[in-house]
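Peer 1: Okay, here's what each chain looks like letter by letter:
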Amino acid sequence: MTRQTKQSANLLQGTLDMLVLRTLLYGPAHGHQIGKHIQRTTNEFLQMQHGSLYPALHRLEERGWVASKWETAPGGNREFKYYRLTEKGRKQLVVEESQWKQMAEAVARVMWPTPEES
Amino acid sequence: MKWWQIRKRSADLDRELRSDLELEEQEQRENGASVDEARYAALRAFGNPTLIREQTHAAWSSIWLENLLRDFRISVRTLLRSPGFSFIAVLVMALCIGAATSLFTVVRSVLLRPLPFRDPGSLVMVYEHFRDPAINAVEFNYNSVSPADFRDWRTKTHGFEDMAAWRYAHYNLTGEHGELPELVDARAGSWNLFPMLGVKAAIGRTFTESEDRPDGNVVMLTWNIFERRFGADPSIVGRQIHLDGKPFTVVGVLPKWFIYPDAGLQRIWVPYESGMSPELLNHHDYHFLRVVARLRPNVSLSTALSQVGAVQYQLHMQNLHAPVAEDVASKTLTQDLAKDVKKPLTILLCAVACMLLIGCLNVANLLVARSATRQKEITIRSALGAQRMTLIRGQLIESLLIAITGGVAGVLLSLAATKWLVTTWQNLPSALSVHTDGTVLAVACALIFAAALLSGLLPAISSTARGSVAALQASSRSGAGSQSRTTMRKSLLTIEIAATVVLLIGAGLLLKSFWQLRTTNIGCATTSVLTMGYSLPAEKYDTPAKVNAFNESLLDRVRTLPGVNAAGLGSVVPGAGALEDDIFTIPEHPPLTPGAPLNDAMYRLASPDYFSTLQIPLLSGRFFTRDDRDGRPKTVIINKRLARQFFPNENPIGKHLHVVPYGDADYQIVGVVDNTLYQVGQLPGPTMYFPVLSGNNMGFTLVVRAASNPLALSVPIQMQIAKLDPQLPVSDVLTIEQIIQQSLGNASLSASLVLAFAVLSLVLASVGLYGVLSYLATQRTAEIGVRIALGAQRRQVLRLMLGDGLRPALYGLVLGLAVSVAAVKLVESMLYQTRPFDPAIFAAVAATLLVVAAGACLIPAWRASRIDPMQALRTE
Chain A
22 MTRQTKQSAN LLQGTLDMLV LRTLLYGPAH GHQIGKHIQR TTNEFLQMQH GSLYPALHRL
82 EERGWVASKW ETAPGGNREF KYYRLTEKGR KQLVVEESQW KQMAEAVARV MWPTPEES
Chain B
279 MKWWQIRKRS ADLDRELRSD LELEEQEQRE NGASVDEARY AALRAFGNPT LIREQTHAAW
339 SSIWLENLLR DFRISVRTLL RSPGFSFIAV LVMALCIGAA TSLFTVVRSV LLRPLPFRDP
399 GSLVMVYEHF RDPAINAVEF NYNSVSPADF RDWRTKTHGF EDMAAWRYAH YNLTGEHGEL
459 PELVDARAGS WNLFPMLGVK AAIGRTFTES EDRPDGNVVM LTWNIFERRF GADPSIVGRQ
519 IHLDGKPFTV VGVLPKWFIY PDAGLQRIWV PYESGMSPEL LNHHDYHFLR VVARLRPNVS
579 LSTALSQVGA VQYQLHMQNL HAPVAEDVAS KTLTQDLAKD VKKPLTILLC AVACMLLIGC
639 LNVANLLVAR SATRQKEITI RSALGAQRMT LIRGQLIESL LIAITGGVAG VLLSLAATKW
699 LVTTWQNLPS ALSVHTDGTV LAVACALIFA AALLSGLLPA ISSTARGSVA ALQASSRSGA
759 GSQSRTTMRK SLLTIEIAAT VVLLIGAGLL LKSFWQLRTT NIGCATTSVL TMGYSLPAEK
819 YDTPAKVNAF NESLLDRVRT LPGVNAAGLG SVVPGAGALE DDIFTIPEHP PLTPGAPLND
879 AMYRLASPDY FSTLQIPLLS GRFFTRDDRD GRPKTVIINK RLARQFFPNE NPIGKHLHVV
939 PYGDADYQIV GVVDNTLYQV GQLPGPTMYF PVLSGNNMGF TLVVRAASNP LALSVPIQMQ
999 IAKLDPQLPV SDVLTIEQII QQSLGNASLS ASLVLAFAVL SLVLASVGLY GVLSYLATQR
1059 TAEIGVRIAL GAQRRQVLRL MLGDGLRPAL YGLVLGLAVS VAAVKLVESM LYQTRPFDPA
1119 IFAAVAATLL VVAAGACLIP AWRASRIDPM QALRTE
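Protein chains in written order, with this note's numbering: chain A, 22 to 139; chain B, 279 to 1154.
Treat each hint with caution, since some may be false.
[Said to hold, decoys possible] Below 20 Å or equal to it, Euclidean Cα-Cα: the simulated SDA-like pairs (lysine to any residue) are:
{"hint": "1", "chain 1": "B", "residue 1": "620", "chain 2": "B", "residue 2": "713"}
{"hint": "2", "chain 1": "A", "residue 1": "90", "chain 2": "B", "residue 2": "283"}
{"hint": "3", "chain 1": "A", "residue 1": "57", "chain 2": "B", "residue 2": "299"}
Treat the hints as calculated values from the structure; they're not laboratory data.
All chains should be built: construct the whole structure from the sequences, respecting the hints.
Peer 2: Structure (structure tokens):
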């Protein structure tokens, strides 16, 4: 029981990192924005509580893939912590993306084999 | 982010999460939700903030530190909640670690640290070595070297890079500007000694080869005398001071750290040959030199030594009628310096290690007891998902805290204790260099962590060992619970008691041996006799008549002082050491076969009243009279031991002793006196007494028997001496009792230290015993209540509980006695008239332990027997 949850969490975790990095490619954003963006883009498919983004964001920051700064939101007087993709993060995104692609292709080849290969 | 910014980082995260939540809430409100609904919806969309905060913390790399700090905080709080326990545990640790650190400091400086000389590893001491086992038994296997032997070794062998020698001396240092005269301790060292050791003068220079001759008149000062007597004025170098009335030029001051060969504080150095007659330098049979040699880099010690040994054997064959050893033997310089302290230090170190073990076991025991009361907390924590490592870590941090607090206190304690130990321990080699340094602190830290692990790990493992379900079940029923923990406590206690028994037996043996030494009859009056040393400078007292005149008028003056019952004059009093000895032959006996062991006896001077003043009985013949002077007639008095050994079946009175060094003549035996001990702890040696009025000018000792307090006489007597010769200093104003005490100082110190450790251990063990039994009693309250309700007698309950507590004590006692059988080997060589398996000591230790154990068990057992069954069952 425990073991299974852990595995899917790991899978999700890795994916989540990639999604966050990809989102930040559009420009700096704070946690709320990132969460909303991912939810909206997946048509609310990922039933993700955006609080769960924060461990990922902090982990990415520790690794130096994103950097953060408190800034006032445009048009408001409130300060948010904005995350921005670093050069290292950009490279990491490329790596993760290609890994994901390979993975998805591998899974796809098993699930939906093309006629000449079967 | 750096680790010290944890707080800031945490606040930052809170702010971030809050702003997100607020934004979400605001969006929900904009979508038309009411205030309350908006908050709930926001929380739903966001997730549990506490959980998220914790998960985010876990993503930080500083998580381990955070956990550590948290455990640390909890531990501090837990410890502060039971201040009594914490205080005792810290105190135990402080005492144990403090004592261990102190002793290690001393051991390191004295036994382990290399000497502060150039390449100290290649320095050795070379001694003459007699092969006769009877002689070896009394420490003549490392015999001082004679000057001619040393000269021949140095010139005829090439195995050593160089050889240097030093000898003991003392001088009357008289003031240049009216300061009081004083007798200063001196060493005469050959000119090459300092270059060989690699020691340079702090001011000025060391001796040159041309200064090292019999009429050499240069002197070096040690730092202490330079500071005290000469006010640390560097201009003293090049000036003259007067030693024994002769001018000596100060050529240098030795550095402050230089304390070879021992830590004698006030000392001067003169060249080795200075003051020796050229004739004396040619003697093969006067042994008074210590020879230091430096090995050549490519020559082994055995090769170098065998060369010297070959030369020595030749010398022996050439001097068969003189005490010239057949062989040589060597020691390293460190061994040589530590010879008297190595054994006691080792014993003390073992004792202190034993005590440290007991202390740790005791703290472990206390922790086990506490973990029992915290069993529910631990169970709940593990049921909620705490990992076993986390729980163990928490407990270890607690014991670490105890050990660190105790350790820091202990190290502070040891600073004072080390100072005390060094000043109390007489003649501790390199005493001045004993100090706490990095290595000592590192060892103290290691001790602290070892103690924390030892005392924390066992209880931590045992208290977290069980599955949570079993633990919950067990803790719901107080009667059946904690079997394994009880066993653990009992075995800890058994080891603790065993170690205590070993310590007690060691202490008991040392103490008994010390008591035997202390109560030895030395063979003369001790408490009522004052002694006082002086030596007449040969320049001023250059004829026997002058020496005799001084001595006789001093005796006459002292005798008339009020409070003086008797006064006499000798050279060396009983208890003050062996010092001079000489060989003799007996003209009435057939000559000794060449190569046979030579007759040897200690050499003493005595005035006519010497024996009656010291109350040494005359066995036959007569004492000296005032007419036994200037060698006319040549008379000698012998002691019983000499008479027994060399005149076994004849009357020695009227026979003669032929003594070479002091006149090469026959001395007629006129009396036999009873034995005295030259040193407490040694057997009486053959002794010959010559008349003090023979004009021999060696060191004199005035002995005065007082009517009441002998020390009150010291000032009047010194005033009489000053009237006769104001330039003459006196030394060692002591009663014989004090001389004996001084010679036993170190035996008394090690005996009382080991005893202190043992008593402390006994207290610790009894506290442990008491704790275990109280714990057992509380655990079994319900069971005992049931027993009493069912009709058990109070006496039976008492017996049950006592048996429970005394069993580990008994096991520990048996184990301890068994270990002691091996451990007494260590102290065996230090015992005097005490057998290592002394049944009285073993019995006394066993009895003491049982009584203390019974006492410690009695209170909880009695309390258990008083249990009110109704109340006991109700608390269930």
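Peer 1: Is the Cα-Cα distance between residue 620/B and residue 713/B 20 Å or less?
Peer 2: Answer holds: residue 620/B to residue 713/B is near 18 Å, not above 20 Å.
Peer 1: Straight-line Cα separation of residue 90/A and residue 283/B no greater than 20 Å?
Peer 2: 16 Å, holds
Peer 1: Between residue 57/A and residue 299/B, is the straight-line Cα distance small enough, at 20 Å or below?
Peer 2: Holds. Residue 57/A to residue 299/B sits at ~13 Å (cutoff 20 Å).
Violated hints: none; the structure is consistent with every hint.
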